[in-house]
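There are 2 protein chains.
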Amino acid sequence: MKKLINDVDNVVVDSLRGLAAAHPELHVDLEHRIVYRGAEPVPGKVGVLSGGGSGHEPLHGGYVGVGMLDAAVAGEVFTSPTPDLVAEATTHVDGGSGVLHIVKNYTGDVMNFEMAAELAAAESDVRVETVVVADDVAVEDSLYTAGRRGVGGTVFVEKLAGAAAEAGRDLDAVVAVARRVADNVRSMGVALTSCTVPAAGKPTFDLPADEIELGIGIHGEPGRKRVPMTNAGQIADALIDPILGDLDFTGGPVFAMVNGMGGTPLSELYIMYADVVERLTARGVTIARNLVGNYITSLDMAGCSLTLLRADDDLLGLWDAPVHTPALSWGR
Amino acid sequence: MKKLINDVDNVVVDSLRGLAAAHPELHVDLEHRIVYRGAEPVPGKVGVLSGGGSGHEPLHGGYVGVGMLDAAVAGEVFTSPTPDLVAEATTHVDGGSGVLHIVKNYTGDVMNFEMAAELAAAESDVRVETVVVADDVAVEDSLYTAGRRGVGGTVFVEKLAGAAAEAGRDLDAVVAVARRVADNVRSMGVALTSCTVPAAGKPTFDLPADEIELGIGIHGEPGRKRVPMTNAGQIADALIDPILGDLDFTGGPVFAMVNGMGGTPLSELYIMYADVVERLTARGVTIARNLVGNYITSLDMAGCSLTLLRADDDLLGLWDAPVHTPALSWGR
Numbered sequence: 074m075k076k077l078i079n080d081v082d083n084v085v086v087d088s089l090r091g092l093a094a095a096h097p098e099l100h101v102d103l104e105h106r107i108v109y110r111g112a113e114p115v116p117g118k119v120g121v122l123s124g125g126g127s128g129h130e131p132l133h134g135g136y137v138g139v140g141m142l143d144a145a146v147a148g149e150v151f152t153s154p155t156p157d158l159v160a161e162a163t164t165h166v167d168g169g170s171g172v173l174h175i176v177k178n179y180t181g182d183v184m185n186f187e188m189a190a191e192l193a194a195a196e197s198d199v200r201v202e203t204v205v206v207a208d209d210v211a212v213e214d215s216l217y218t219a220g221r222r223g224v225g226g227t228v229f230v231e232k233l234a235g236a237a238a239e240a241g242r243d244l245d246a247v248v249a250v251a252r253r254v255a256d257n258v259r260s261m262g263v264a265l266t267s268c269t270v271p272a273a274g275k276p277t278f279d280l281p282a283d284e285i286e287l288g289i290g291i292h293g294e295p296g297r298k299r300v301p302m303t304n305a306g307q308i309a310d311a312l313i314d315p316i317l318g319d320l321d322f323t324g325g326p327v328f329a330m331v332n333g334m335g336g337t338p339l340s341e342l343y344i345m346y347a348d349v350v351e352r353l354t355a356r357g358v359t360i361a362r363n364l365v366g367n368y369i370t371s372l373d374m375a376g377c378s379l380t381l382l383r384a385d386d387d388l389l390g391l392w393d394a395p396v397h398t399p400a401l402s403w404g405r
Numbered sequence: 074m075k076k077l078i079n080d081v082d083n084v085v086v087d088s089l090r091g092l093a094a095a096h097p098e099l100h101v102d103l104e105h106r107i108v109y110r111g112a113e114p115v116p117g118k119v120g121v122l123s124g125g126g127s128g129h130e131p132l133h134g135g136y137v138g139v140g141m142l143d144a145a146v147a148g149e150v151f152t153s154p155t156p157d158l159v160a161e162a163t164t165h166v167d168g169g170s171g172v173l174h175i176v177k178n179y180t181g182d183v184m185n186f187e188m189a190a191e192l193a194a195a196e197s198d199v200r201v202e203t204v205v206v207a208d209d210v211a212v213e214d215s216l217y218t219a220g221r222r223g224v225g226g227t228v229f230v231e232k233l234a235g236a237a238a239e240a241g242r243d244l245d246a247v248v249a250v251a252r253r254v255a256d257n258v259r260s261m262g263v264a265l266t267s268c269t270v271p272a273a274g275k276p277t278f279d280l281p282a283d284e285i286e287l288g289i290g291i292h293g294e295p296g297r298k299r300v301p302m303t304n305a306g307q308i309a310d311a312l313i314d315p316i317l318g319d320l321d322f323t324g325g326p327v328f329a330m331v332n333g334m335g336g337t338p339l340s341e342l343y344i345m346y347a348d349v350v351e352r353l354t355a356r357g358v359t360i361a362r363n364l365v366g367n368y369i370t371s372l373d374m375a376g377c378s379l380t381l382l383r384a385d386d387d388l389l390g391l392w393d394a395p396v397h398t399p400a401l402s403w404g405r
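Here the protein sequences line up with chains A and B, keeping their order. Numbering follows my numbering, with no gaps: position 19 of the first sequence is 92. Numbering follows my numbering, with no gaps: position 270 of the second sequence is 343.
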């Protein structure tokens, strides 16, 4: 295993230390591994909080900032953060208007965020609402999941609910945006290689040099099937087909993300995006906004995922609203 | 070789097709592999143009847009674009105030951009000035280079000269900014793995599982030496020492970039950045601005590079000026 790390037991804190040094505008609690937008909550604004296991950077810490998350709680690699820390962050970001928890659908995360919501409500009377993201069409249940896994759709929920909160909408309205996004977003991924968890020191799974795994999970959980390595166009089909089979994306504008898993260069992601656009266009799907890059990764895994979200005028406006975070930034 | 590609002979055009689809605000000439900021030059503005071999994405095409490049000419992977295409792009971006060529110091690039400047001057009377970037302290001459190689410093030259042009400065002033940056920027890289050129189908060089190569070039050219794999802190030292040994970075603010080579996850780059900051601070170097991410890559190589640039008030102001490109974006 060759990684730019110092100690397999400290990779999360060491990485957060770098994030804090690079982004002094953020307030990073290294001891509790929480990235905050600032030292104090924004008065009157709904707090938007997410988190989960580390290893998916820039998710979630890279999305803390104006127009997106108020805080992100980082667990160990591929391990949910504990309820007490999520509760602490929840209390900290409550500006008096309540807090939204955005939770990827993994058993540990769902349980810990639920306990955290109860703890925060009991301790500081903060109103917490939770939206669970379960957008991965690959498999119904999985290693760490009852139901579908939460993957790339989380990036859209965080941006769009974050923009709604920034615009001053109340908790019910912010929750409504998050739910609408979660209900209308679908993803599917593919692995060309395994990832290697630092503490394990070896690849999570073995994948032959001439095979790829369709429907891979972001922790290396088994996908749908292994197939011989093929070209970008056929891989695009293999991602698009199950997504379009699950939800109708015709008849309105769509957000699309071609996301890298961490070890795949940007040039290849653009090749994938070209093929995705060509195929979606042929099938009557119109992309209104896009993201191409590394947005939700699996450590050093090579591969990519496709996420589609049905847009509406409100969501398009929220998307275009300014955002200033380490990993997504545009507008004033 | 597992890559998200369709045809090893078309990776550059296929990738540009994706860039064009993702960024309809750009004007992409797929036939000639030129990415333009728009269909027409900006009247009165100095044109800022760069380019070179592909495989370093987002450099250069990802830096075309408001506040940075007017055009980028993409050669084949690791191969300079031909003079006729560079000349065509030069003529196209001339808004009547001349054009700056930003050229990485590789023999093919230097020669082809020089011929292009002569062609453009002869054909359309455009005034062209050239700034060559040669910031890599690793080796004096190299496989494709007389003198030092041009690497990460190019990102800073493109942003800062681009901002100077956007601010309406004339060609001499824009050239002066580019030269000042080129004179005051230094880089050093390390490879944990080789890269694989698609058309070659196998790694460019062999690197044992327990060794890294210090001073690697962005095309996999030999570095200074191979050493046993070690931790991020010691790698930070191995990058910092030769840079500080070459130029004094104390006594004023500094720009710093920890750049990924394409196959290294962001979490590891932040770990490197934390170590870099700690060490530079101890040695009296003060970082005023930073970039952490994949900005100039070597296909799928794992590894990173460090770039330091001496700042001054003018450069800091130019850095903070708005930029809107696929890969760098902030401000209005």
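Each hint should be verified, as a subset may be incorrect.
[What the hints assert, rightly or not] Non-contacting residues of chain A with respect to chain B, defined by C-beta distances greater than 12 Å in every case (computed):
#  : residue
1  : K75
2  : D87
3  : L89
4  : R90
5  : G91
6  : H105
7  : P156
8  : E187
9  : A194
10 : A195
11 : R242
12 : I285
13 : K298
14 : D314
15 : E351
[Claimed, not checked] Below, a list of computed lysine to any residue pairs in the SDA-like style, where the Cα atoms sit at most 25 Å apart:
#  : chain 1 : residue 1 : chain 2 : residue 2
16 : B       : K75       : A       : R297
17 : A       : K275      : B       : D279
18 : A       : K275      : B       : K275
19 : A       : K75       : B       : L192
Just so you know, these hints were derived from the structure itself, not from any lab. Every residue gets a Cβ at the ideal spot worked out from N, C-alpha and C, and that includes glycine.
Against the structure, the hints:
A beta-carbon of chain B is positioned within 12 Å of the beta-carbon of A:K75; the least distance is around 4 Å. For A:D87, the requirement that its beta carbon stay farther than 12 Å from each beta carbon of chain B is not met, with the minimum near 5 Å. Distance to chain B contradicts A:L89 as a non-interface residue, since its nearest Cβ pair spans about 8 Å, not more than 12 Å. With a least CB separation of 4 Å from chain B, A:R90 falls inside the 12 Å interface cut-off, contrary to its annotation.
Residue placement check: A:G91 does not keep its beta carbon more than 12 Å from all beta carbons of chain B (closest about 3 Å). No beta-carbon of chain B comes within 12 Å of the beta-carbon of A:H105; the shortest separation is about 17 Å. Every CB of chain B lies more than 12 Å from the CB of A:P156, the least distance being 24 Å, so the non-interface label holds. At the 12 Å boundary, the C-beta of A:E187 stays outside the reach of chain B, the nearest C-beta of that chain being 27 Å off.
Residue-level check passed: A:A194 sits 32 Å from the nearest beta carbon of chain B, beyond 12 Å. With 12 Å as the threshold on Cβ separation, the claim that A:A195 sits away from chain B holds: the shortest Cβ distance comes to roughly 34 Å. Separation of A:R242 from chain B is adequate, the least Cβ-Cβ distance of about 24 Å exceeding the 12 Å criterion. A Cβ of chain B approaches the Cβ of A:I285 within 12 Å, the least distance being about 7 Å, so the stated non-interface status is violated.
At the 12 Å boundary, the C-beta of A:K298 stays outside the reach of chain B, the nearest C-beta of that chain being 17 Å off. Listed as outside the interface, A:D314 is consistent with that label: its C-beta sits roughly 17 Å from the nearest C-beta of chain B, beyond the 12 Å cut-off. Under the 12 Å C-beta cut-off, the non-interface status given to A:E351 relative to chain B is violated; the minimum distance is some 8 Å. About 19 Å separates the Cα atoms of B:K75 and A:R297, which keeps this hinted pair within 25 Å; it holds.
Taking the CA atoms of A:K275 and B:D279, the gap is near 20 Å; set against the 25 Å cutoff, the hint holds. Distance hint between A:K275 and B:K275 is fulfilled; the C-alpha atoms sit about 23 Å from each other, no more than 25 Å. For the hint pairing A:K75 with B:L192, the CA-to-CA distance comes to about 47 Å; that exceeds 25 Å, so the pair is violated.
The structure is inconsistent with the numbered hints 1, 2, 3, 4, 5, 12, 15 and 19, although it conforms to all the rest.
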